[in-house]
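J.: Here's the letter readout for the chains.
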Amino acid sequence: MTAAPTIPNAEEAVHSRPAAAPGSHDVLLQLDNVHTYYGQIHALQGISLEVRRGEIVTLIGANGAGKTTTLKTISGLLHPRQGKVRFEGRDISRTPAHELVRAGIGHSPEGRRIFSRLTILENLKMGAFTRPQNDIQGDLDHVFELFPRLKERIGQRGGSLSGGEQQMLAIGRALMARPRVLLLDEPSLGLSPILVQQIFVIIQEINSAGTTILLVEQNALQALIVANRGYVLQTGQVALSGASADLRENEMVRKAYLGE
Amino acid sequence: MTPDFRRIARPLGIGAVALLVEYLLLGTQQFANAMTLGAIYALIALGYTMVYGIVELINFAHGDVFMVGSFLAMWIMTTVFGLVGPVTNLLNLVGLLAIVMFATMLGMGLIGMFIERVAYRPLRHAPRLAPLITAIGVSFILQNIIAVAFGPSPVNFPQIVPADKFDLLGGKIAYLNLFIVILAVVLMIALQLFVGRTRLGRAMRSTAQDREAAELMGVDINQTIAITFFIAAALAGAGGMVQGLYAGSIKFDLGFYVGLKAFTAAVLGGIGNTTGAAIGGFIIAFVEVYATVLGYTQWSEVAVFTVLILVLVFRPSGLLGQQLGERT
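As you go down the protein sequences, you meet chains A and B in turn. Residue 159 in this note's numbering sits at position 159 of the first sequence; the count goes up by one each step and never skips. Residue 279 in this note's numbering sits at position 279 of the second sequence; the count goes up by one each step and never skips.
Hints should not be assumed to be uniformly reliable.
[What the hints assert, rightly or not] Computed list of chain A residues with no C-beta within reach of chain B, every gap over 12 Å:
#1 Q30
#2 N33
#3 G89
#4 E122
#5 H142
#6 F144
#7 S162
#8 I194
#9 T235
#10 A239
#11 L240
[As the list claims (entries may be wrong)] Derived, one-sided and incomplete: chain A residues facing chain B with beta-carbon distance under 10 Å:
#12 S108
#13 I114
#14 G127
[Claimed, not checked] If you want the footprint, here are the derived chain B segments under chain A, 3+ residues with CB under 8 Å:
#15 166-178
#16 212-220
Hints were generated in silico from the structure; no laboratory data involved. Ideal Cβ placement from N, Cα and C applies to all residues, glycine included.
Produce the entire structure from the sequences given, and follow the hints as far as they go.
T.: So this is what it looks like as C-alpha cells:
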C-alpha cells in the first residue's frame, strides 16, 4: 500500500491543535447521564459529555469501555434506558436512526460496514440516501478529491477494495449525507501506519471544512493529537475528560493508553 | 460499457442456446408448456427469494398468497366485470387483462404488506423458528379463508382469452402461452431495473446486506421491508391470475404444490438472487415437462423435489447464490 499522491507528507501534516475550536462554544451534541443496555448488560452507566460546534472530540478507553455503545446511542441504533441525548438542543433519545441521518448525524460504524455487493458509486449514493439524488454530484466530486483512489474504482464492488480503501469508502459514504456531526468509530483499525497517518490528516481536513467530529480510537496518541478535547471511558463511565494536551500529560492516560 | 455488455451478453447467449436445444428436443407444444409453467414458477420464486434476501425468512405462506391472487383475479373478473367466456374484441381483451392484473397486483401487494405487519414484523427479533411457524399459520389461514369463501372444490376461472393458436415452425402455440411468457419476462425486467437502478432498489439491496448500516444511511428499514413484501406479493398475484387463465380452474390448496415447486426454483437458483430465481423457475418447469414427455407424469413431482434434494446436498448456495461468509 502506497500513499495517495494528494498528501505529500502525511507525518508533517498532522499537528497539534489548540484546546478549543476557534471562536465557538455552542454545544452541538450533549449526553446527559446516559444509561444504555444490551439486553441485561448495563453498557453505559451514566455517561455525560458534550461536543461543541466545530470541534474534534475523541473517546478513548479499553475494549468494552463503552465507546462504540456511546456512538450507537447517539446515532439512534440504540436508545438509552435513562438519561438524554440532545442534538442542537433537541431531545433525540428516542428518535430512530434513519431520522437522525436527516437531522445531521453521520455515523461511520466500527468495522466499516460498507455494502460489499454494491459498487463504490452505489455505496456513495447510499450515503446520500436522504438527499435529492440530482444534487449530489458536488459531494461526489468532494469525496473523490479527498480519496482519489475511490474514483479509480468507481464501478467496482465494495467487497473488492482493500481494507484502507474500504475505510475511505466508509468515511466518504458518511460524508455524502452532509452531516453536521460525524461519528467515526475506529477509522484507523487494521490499517498500515502510513494509511493511519493519511486517515488522520483527512479527518482534520473534514473538520476544517466545517464538520464537527466525534472520534473513537484505539490509537489514543494519534487521537489526542488531532482532537481538541477527549473523554476517557472506563466500564461505561467517564473516568476523565479534558483538553487533549492535558490528557496527553496525564499520568493515568500515559500509563494505560499511551503505553508509557 | 464493454464489460457491462459482456456481463449481460454472455448469460443471454447461453440462455438462448439452452432454449434452442430444449425447443428441438421437446417440440413446439411441450416447449410452450414448459415456458408457460416456468414463467409462473419464476413469478412466484422471485417472491420467495426477495423476502429471504431481506429478512432471511422462508415465507411459507407465499404459495398461498399466489393462490389468493388467482381467486382475487377470478373474483374481479366474474363479480366486477361479469365475465364468463372469451372476449373476442382484442382492444377490450387487452384493456380487461391490464385492469384485472393491475387490481390483482395492487390488492395482493397490500395483503402481502398486511401479512408482514401482523405476522412477521412483531417477531423480527425473535428466534428464527418463530416467524417460520407464523408463516405456516398464515398459510393455513389463507387456505381456510378461501375454502370457506369459495368452497373446497375447484372453481372455474373465466377463460377470457380465446383459445386461438398460431403456427410456429410447424407447431401450434396458443396466444395465451405467448402472453404469459411475455408478461412474466416484462415483469422480471421491470423488477431488475427497479432493484438495480433506483434509489429504493439500492435501499433494498443495502438492507438485505447489512440492515444496521442501511439504517445509518437513513433507510427506513420497516418501510423497505414492507415494500419488499408488497412487490413479492404483487408478483405472486400476477402469477395467480395467469395460472387461472392457463389452468382454467383454481382450488384453495393450489398454492401448496405450486408454492413448493417455486420454492425449489428459488433454492436451485440461489436463494436471495432474483436472476437465479427466474432461471430456477424455468429449469424446474422443464424438469417437470420432461418427466411428462418421457411418460412419467405421476413422477414429475418426484423429479422436481429430487432436484431440490440434489441442490441442497451438492450446491446449497444454488446456481447463482452468494458463497457463504461474505458478510464483513
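J.: Now tell me if each hint is right for this structure.
T.: Outcome of the hint check:
no. : hint    : result
1   : Q30     : holds, 21 Å
2   : N33     : holds, 25 Å
3   : G89     : holds, 21 Å
4   : E122    : violated, 6 Å
5   : H142    : holds, 18 Å
6   : F144    : holds, 19 Å
7   : S162    : holds, 14 Å
8   : I194    : holds, 24 Å
9   : T235    : holds, 24 Å
10  : A239    : holds, 28 Å
11  : L240    : holds, 29 Å
12  : S108    : holds, 8 Å
13  : I114    : holds, 8 Å
14  : G127    : holds, 6 Å
15  : 166-178 : violated (count 0)
16  : 212-220 : holds (count 9)
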